[in-house]
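There are 4 protein chains.
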Amino acid sequence: MLKNNNKIAILTSGGDAPGMNAAIRSLVLAALHYKFDVIGFNYGFNGLINSDFCTLDEASVRDIIHRGGTILKSARSPQFMTTAGQKQAADNLNHLGVSALVVIGGDGSFNGMLALKGFYQGQLIGIPGTIDNDIDGTDHTIGFATAVNTAIEAIDKIRDTADAFDRVFVVEVMGRHSGFLALNVGIACAAEQVLTFESFQNPGLELQNIANHIKQCKDERGQSSYLIVAAENLWPEGVTKLCSDLQAYANITCTPCVLGYIQRGGDPVAKDRILATKLGVAAIEAVRANKDMIMIGETSGQICEVPIQLAVKHKKQVNAALLNAQNSILDIAELAQLNKI
Amino acid sequence: MLKNNNKIAILTSGGDAPGMNAAIRSLVLAALHYKFDVIGFNYGFNGLINSDFCTLDEASVRDIIHRGGTILKSARSPQFMTTAGQKQAADNLNHLGVSALVVIGGDGSFNGMLALKGFYQGQLIGIPGTIDNDIDGTDHTIGFATAVNTAIEAIDKIRDTADAFDRVFVVEVMGRHSGFLALNVGIACAAEQVLTFESFQNPGLELQNIANHIKQCKDERGQSSYLIVAAENLWPEGVTKLCSDLQAYANITCTPCVLGYIQRGGDPVAKDRILATKLGVAAIEAVRANKDMIMIGETSGQICEVPIQLAVKHKKQVNAALLNAQNSILDIAELAQLNKI
Amino acid sequence: MLKNNNKIAILTSGGDAPGMNAAIRSLVLAALHYKFDVIGFNYGFNGLINSDFCTLDEASVRDIIHRGGTILKSARSPQFMTTAGQKQAADNLNHLGVSALVVIGGDGSFNGMLALKGFYQGQLIGIPGTIDNDIDGTDHTIGFATAVNTAIEAIDKIRDTADAFDRVFVVEVMGRHSGFLALNVGIACAAEQVLTFESFQNPGLELQNIANHIKQCKDERGQSSYLIVAAENLWPEGVTKLCSDLQAYANITCTPCVLGYIQRGGDPVAKDRILATKLGVAAIEAVRANKDMIMIGETSGQICEVPIQLAVKHKKQVNAALLNAQNSILDIAELAQLNKI
Amino acid sequence: MLKNNNKIAILTSGGDAPGMNAAIRSLVLAALHYKFDVIGFNYGFNGLINSDFCTLDEASVRDIIHRGGTILKSARSPQFMTTAGQKQAADNLNHLGVSALVVIGGDGSFNGMLALKGFYQGQLIGIPGTIDNDIDGTDHTIGFATAVNTAIEAIDKIRDTADAFDRVFVVEVMGRHSGFLALNVGIACAAEQVLTFESFQNPGLELQNIANHIKQCKDERGQSSYLIVAAENLWPEGVTKLCSDLQAYANITCTPCVLGYIQRGGDPVAKDRILATKLGVAAIEAVRANKDMIMIGETSGQICEVPIQLAVKHKKQVNAALLNAQNSILDIAELAQLNKI
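Residue numbers (the working numbering), protein chains in the order written: chain A, 538 to 878; chain B, 538 to 878; chain C, 538 to 878; chain D, 538 to 878.
Source of the hints: derived by calculation from the structure; they are not laboratory data.
Check each hint, because a few of them may be wrong.
Same chains, same label: a pair holds when it works inside one copy or across any pair of copies.
[What the hints assert, rightly or not] Derived SDA-like pairs (lysine to any residue); straight-line CA-CA distance at most 25 Å:
id, residue 1, residue 2
1, K853, D676
2, K544, A826
3, K572, S761
4, K755, D594
5, K850, H714
6, K624, K654
7, K778, R713
8, K752, R613
Make a model of the complete structure from these sequences and hints.
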C-alpha cells in the first residue's frame with residue numbers, strides 16, 4: 538500500500554459529461570481522507586503536457602456535485618497523439634511527484650492512458666465518463682442517464698408539436714457509434730421507430746420498412762403523430778437527408794430535428810451523481826491497493842475493475858431484439874423475452 | 538348585446554404555442570358562464586372547411602392549462618387560401634349557427650380572418666398565439682415567454698460544454714423574421730453576441746465585427762467560451778454556414794447548434810398561462826359587446842383591442858439600441874438608456 | 538396457455554407513482570398484441586367493488602407514457618378491507634369474465650391481492666409501483682427514480698438559500714418506513730447527514746452526533762451551509778421538532794423543510810418509463826404462461842418473478858454502511874467497500 | 538457627475554431571490570465600463586459592519602447570470618439595527634472610500650438604507666430583489682417571476698396526485714404579507730380557490746365559503762380534485778390548521794402542503810435575468826447622475842426611479858376583484874374587467 542502524502546492527480550478528457558464534477562468531488566474527498574495530496578490538470582491531456590494544474594482541496598469541490606461540465610475543463614489534444622507529447626506528459630507527472638493519475642473520460646481518454654503507460658511508471662486509473670455509454674465492462678457510464686433524460690424532455694416538447702399537427706418527426710440523438718442513447722430515448726418517448734446501428738440493414742431496405750410502418754400506423758390509428766429516433770452517424774448524410782429520402786421514396790413529409798449539444802450539458806440526474814460518487818471513492822481505494830491500468834466500473838450494482846485495454850473494445854451493444862420489439866407496436870410483447878437494456 | 542345560447546366557435550391555427558390550451562380553457566369557461574354554446578374546430582381552418590368540430594364543455598378543458606400543444610390541433614390549410622375554401626368555411630359556420638369565431642394564432646391566422654370576413658357575417662375575434670412575438674398591438678403573444686425560457690434552459694446546458702472546452706458556439710433560435718426571441722434569449726444567457734434583423738448590416742461587415750469581438754474577448758479574458766445567439770432566417774444558408782464562414786474568414790472554429798422545434802412545445806410558464814387566461818376572458822367579453830375583427834392584446838399590463846388589419850403590419854421591433862448594447866460588454870451600460878425589451 | 542380473447546383487467550392502487558401510466562400503456566399494448574380484451578378498473582379496489590371500469594384500447598394509452606399520476610385513478614378502499622368487499626370484488630370479476638387481473642401498486646395493494654385470492658380463481662399478477670422502493674424482490678419500484686430526482690431538484694434550490702445564509706436545513710423526504718429515498722437523495726445532494734431507520738439509534742444519541750458533526754464542519758470549513766436529509770416517520774414528531782430539539786440541545790438554529798407531495802407526482806424520468814414498459818410486457822407474458830400470485834420485478838437488469846407473499850416482507854434495506862459513510866465526509870472513503878445502493 | 542475611479546460597493550440583503558446574481562453581474566459590468574472600482578460586501582449589512590468585502594471584476598461575475606442564491610451571501614443583521622452598528626458601517630464605507638453603495642434586497646434592506654443615511658454621506662441606491670413582489674413603485678421585483686414558476690411546477694406535480702385520488706389539497710405559498718405570489722400561482726395552476734389577504738374576511742366566513750364551493754364543485758363536476766392556494770401568514774396557525782378546521786366544520790378531508798424554501802432558490806427564469814440586467818445598468822447610470830436614496834424599478838416596461846421612503850410603503854396590492862373572479866369558476870368572466878395582475 539502506498540504511503541500517504543503521496544500525490545494523486547486527476548484530469549477530465551474527451552467530451553464533457555454530466556456527473557464529471559461529482560466524480561472529481563468524490564475523488565478529492567476520498568483522497569483527502571487518506572491524506573493524499575491532490576492536484577487537478579486542466580484541459581485534459583493538454584494540461585499534462587503544459588503542466589497546467591491546480592491544487593484541489595475540500596473547498597475546491599464544494600457545491601459542484603450538481604453542476605454539468607467539468608471544473609477541470611477538457612480539450613482535444615493533438616499534441617498528446619505524438620510520442621513527444623506523451624513523453625513530455627510523463628516527465629511532468631514525474632517532476633511533480635504524481636504517483637497516481639485518475640483519468641475521467643471515454644475510450645479516447647483510455648487509449649491516451651495506454652499510450653502514456655509507455656513512458657510513465659505511476660499508477661493509471663480510469664473512470665468512465667461519457668454520455669455515449671460505449672465503454673465495455675460497466676453497465677453505465679457517468680453522464681449517460683442525464684443525457685437520456687435531457688433527450689426525452691426535449692422530445693416530450695417536440696411531441697407537443699407533432700401531436701398538434703399529426704406530423705412525422707425524425708429526431709437525431711447523440712451516441713457516436715453506439716445505440717444506447719437512441720434505444721433508451723426511443724423506448725422512454727414511445728417512439729414509433731428507433732433507428733440505430735445494431736439493427737440497421739441498408740438505406741434501401743430501411744426506407745421501405747419505415748414508409749410501410751408509417752402508412753400502417755396512419756391506416757390503423759387515423760391521423761396521428763409519428764416519431765422516429767435516429768442515432769447520429771447512422772444515416773448517410775444525416776437525418777435531414779433521411780427526411781428528403783422519405784419524401785422522394787414515399788411522398789411522406791417529415792421534419793428533422795438534431796438535438797445536438799444540449800445532450801452533453803445540464804445538471805446531472807441523481808443516478809449520475811451517485812454513480813460518480815461511488816466510482817470516485819472506489820478509484821481511490823484502487824490507488825491505495827496499488828492497482829494499475831484499470832477502469833473502475835459498475836455491473837449489476839457492484840463495483841468492478843476492468844483492464845483498460847478491455848474497456849475500449851466496443852463489444853458492448855444494445856439488445857437488437859429489444860430494438861426490433863420497440864420498432865413495432867405489434868411486436869412490443871417481444872420485449873418480454875428481453876431483459877437487458 | 539348578443540342573446541345567450543348563441544354559439545361561439547374556437548380554433549387554433551398556425552404554429553402551436555405553449556399556452557394555447559390555457560386560452561382555450563379560458564374561452565370555454567367564460568363562454569359557458571354566459572350560457573353560450575361552445576364548439577371547437579379541429580386542425581385550424583381545415584376544420585372549418587371540413588366541418589370537423591367537437592362540443593366543448595367544462596370537462597373538455599379540465600387539466601389542460603399546463604399542457605403544451607393544442608387540444609384542437611393545428612394545420613396549414615392550402616385549401617383555405619382559395620376563395621372556394623373560404624366560402625365553404627363561411628357556409629359551414631352559418632350552417633352550424635356559429636355567431637362568433639375566435640381564432641388563436643399568428644399573423645397567418647389573422648390574415649385568414651381577413652379573408653374569411655368577405656364571406657362570413659358573424660363576429661371574428663383574434664387572440665395572439667405564437668412563440669415569435671411578431672404581432673403588433675400586444676406587448677407579448679401567448680407562447681413567447683415559454684419559448685424564451687425553453688431556449689435559455691437549452692443554452693445553459695450548451696454553455697456547460699462551451700465552458701469546458703473554451704469553445705465558440707453559435708446557437709440558432711426561432712422567431713421567423715423578428716428578433717424578439719433572439720434578443721431576449723441572448724440577454725438572459727449572457728450571450729457575447731446577438732445576431733438579428735434589426736441590427737444586421739451585411740455578411741461581410743458582420744463577419745469582420747464578430748471575428749474582431751471574439752479575438753478581443755480572448756485577449757482580454759484569456760481562454761473562455763463565447764456564445765453567439767442568432768435569429769433563424771438571418772444568415773444566408775444558416776448558422777452552419779456562418780460557422781464555416783468564420784473559419785474561412787478568420788480561422789475561428791465554431792460549433793453550430795439549431796435549437797429547433799423544442800422551442801414550440803413544453804408546459805407553458807406562468808406568464809403564458811396567465812396571459813392566455815386573461816385574453817380568453819376578454820375575448821368573450823368582446824363577443825358579448827358585439828365587437829368584430831379585432832385582436833385582444835395586452836399592453837403595459839392592460840387589456841386592449843386592436844383592429845386585425847393593424848395587428849399584422851409587422852411594425853413591432855426589438856429595440857436596436859438594446860441589441861447593440863448587448864453585443865458589447867463594453868457597451869452594456871447603454872442598456873441604461875433603453876427601457877423596452 | 539390461455540386462449541386469447543380472454544379478458545385482462547388492470548388497476549392501480551395505493552399512492553400514485555410516476556410511471557404508473559407507462560405501465561398501463563405497456564400492459565394494454567402487449568395485451569392487445571395477443572388479442573386479449575382489456576379493461577381498467579377505476580379507483581383501485583373500489584372500482585372492483587363498484588364495477589367501475591372502462592375499456593382500454595390503443596387510443597386510451599396514447600400520449601400517457603410521460604404523464605405522472607394514473608389515468609385509472611387510485612383510492613384507499615376501507616370497504617375492500619372487509620370480507621364482504623373482497624367477495625363482491627371477486628363476484629364482479631367473474632361476472633365480467635375477467636380471467637386475469639394485474640395490480641400496479643405497493644405492499645398494501647399486494648396484501649389486497651392476497652385477500653382477494655381467497656375468493657377469486659383467476660390469475661393475479663402484481664407490478665411494483667411506489668415511490669418508496671420498499672418492495673422485496675425487485676431492485677427498484679416504478680416511481681422511485683423519479684421521486685429521487687424530484688427531491689434532489691427541490692433540494693438543489695434549497696441549497697441556494699442555505700449557501701446564501703450559511704444556514705442549517707433539515708429536509709424531510711418521503712419513503713414511509715424505508716430509507717431508500719433518504720439515502721439516495723442524501724448522496725446525490727451531498728447532504729452532510731442522512732437520518733434514516735437503518736442507522737438510527739435513539740433521539741438522544743443522534744442529537745449529540747448531529748450537533749457534534751455540525752460544529753466540527755463549521756470549525757473545519759468556516760461558515761458554510763449544512764444539509765440534513767431525514768426520512769419521514771423517523772424523528773418523533775417530525776423534522777420541525779428535530780429543529781427545536783437541536784436548538785434546545787446545542788443552540789443550533791435549523792430550518793425545517795417538508796418536501797411532501799411534490800415527490801409523488803411529475804413526469805416520470807426515463808428510468809421509470811423504461812422499467813414500467815418492461816414490467817408491463819413481462820406481466821402479460823406471465824398471464825399467457827398461466828402464472829398466478831406473482832409480482833414481476835427486475836434485479837440486476839433481469840426480469841424476475843417473485844411470489845406475492847415474499848414481495849411484502851419488508852426485508853429489503855438500504856446498506857447501513859453506505860449510510861454511515863455518507864454521514865461523515867471523513868468516512869466517505871468507506872463508500873468504496875460498499876457496492877449496493 | 539462623479540469622476541470615475543471612484544469606488545462603488547454592492548451588497549445583497551434579506552431573503553435571497555433568484556436573479557440577485559444577474560443583478561450583481563450587471564452592476565459590475567456597467568460599473569467597470571465607466572471605470573469605477575467595484576467591491577462587494579459579504580453577508581449583507583453584516584459585511585459593512587465587519588468590513589468583510591471582496592473586489593469584483595469581470596471574472597468574478599462570469600457564469601453567474603443563471604445561478605440562484607447570491608455570490609455575496611446574505612444575512613439578517615441584528616447589529617445593524619443599532620445606531621452603533623449603523624455608525625460603524627458608515628465609518629467603514631468612508632474609510633474604504635466608497636462613494637456609492639447599491640443595495641439589492643427587499644423592504645427590510647431599504648429601511649436599512651434609510652437608517653444608514655443618517656451617518657453616511659455617499660450615495661445609496663436600491664434594487665428590488667425579493668420573491669414577494671411587495672415593493673411599491675415597481676411592477677415586479679427580481680425573483681418574483683422565478684418563484685411563481687417554481688411554485689406552479691411543484692403544484693403541477695401535486696395536481697397529479699390530487700387528480701389520481703380526487704382529493705382536496707391546500708398548498709401554502711410564500712409572499713410574506715402580500716398576495717402576489719398566491720394570486721399568480723393560483724391563476725396559473727387553475728386553482729379552485731385562492732386565499733389571500735386582499736379578500737380575506739374572517740376564518741368563520743371563509744370556512745363557510747370554501748366548504749360550500751367544494752361541495753358545489755363536487756356536485757357539478759362529479760368526483761374530481763380541488764386545489765386551494767393559500768398565502769403564508771394568512772390562516773391562523775397555518776394551512777395544516779385550515780385543513781383540520783375544514784374537517785371539523787364540514788367533514789371535508791384536505792391534504793396540506795407547505796411549499797417552503799424551494800420557492801427562494803433555483804435558476805432564475807428569463808424574466809428575472811433580464812429585469813436584473815436592466816435594473817443593474819440603470820443603477821450605475823443613477824450613480825453617475827448623482828442620484829441618491831432612490832430605488833430603480835420598472836413600471837409598464839419603463840425604468841423608473843422611486844424615493845426609497847416610498848418604496849417601503851406597502852401600498853401595492855393585488856387586484857381584489859381579479860382574486861374574487863379566480864375564486865369562482867362561475868365568475869371567471871369577471872376577469873375581463875380586470876387588467877392588472
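- Message: At most 25 Å between CA atoms: does that hold for K850 and H714 within a copy, between copies, both, or neither?
- Response: within (13 Å within a copy, 44 Å between copies)
- Task: Go through the copies and call it for K752 and R613: within, between, both or neither, with a Cα cutoff of 25 Å.
- Result: Result: close only across copies, 21 Å inter versus 45 Å intra.
- Intra- versus inter-subunit Cα pairing at 25 Å for K572 with S761: between (61 Å within a copy, 23 Å between copies)
- Query: Should K544 paired with A826 be assigned to within, between, both, or neither, using CA atoms and 25 Å as the limit?
  - Reply: within (15 Å within a copy, 55 Å between copies)
- Item | Up to 25 Å CA-CA - D594 versus K755, copy category | Between. Shortest inter-copy distance 16 Å satisfies the 25 Å Cα cut-off; intra-copy 60 Å does not.
- Message: At most 25 Å between alpha carbons: which applies to K624 and K654, within, between, both or neither?
- Response: Within. Shortest intra-copy distance 10 Å satisfies the 25 Å Cα cut-off; inter-copy 64 Å does not.
- Message: Treating 25 Å as the Cα threshold, decide for K778 and R713: within, between, both or neither.
- Response: both (18 Å within a copy, 23 Å between copies)
- When no copy is named, should K853 and D676 be tagged within, between, both, or neither for a Cα gap of at most 25 Å? both (9 Å within a copy, 23 Å between copies)
Going through the hint list in order, the structure satisfies each hint without exception.
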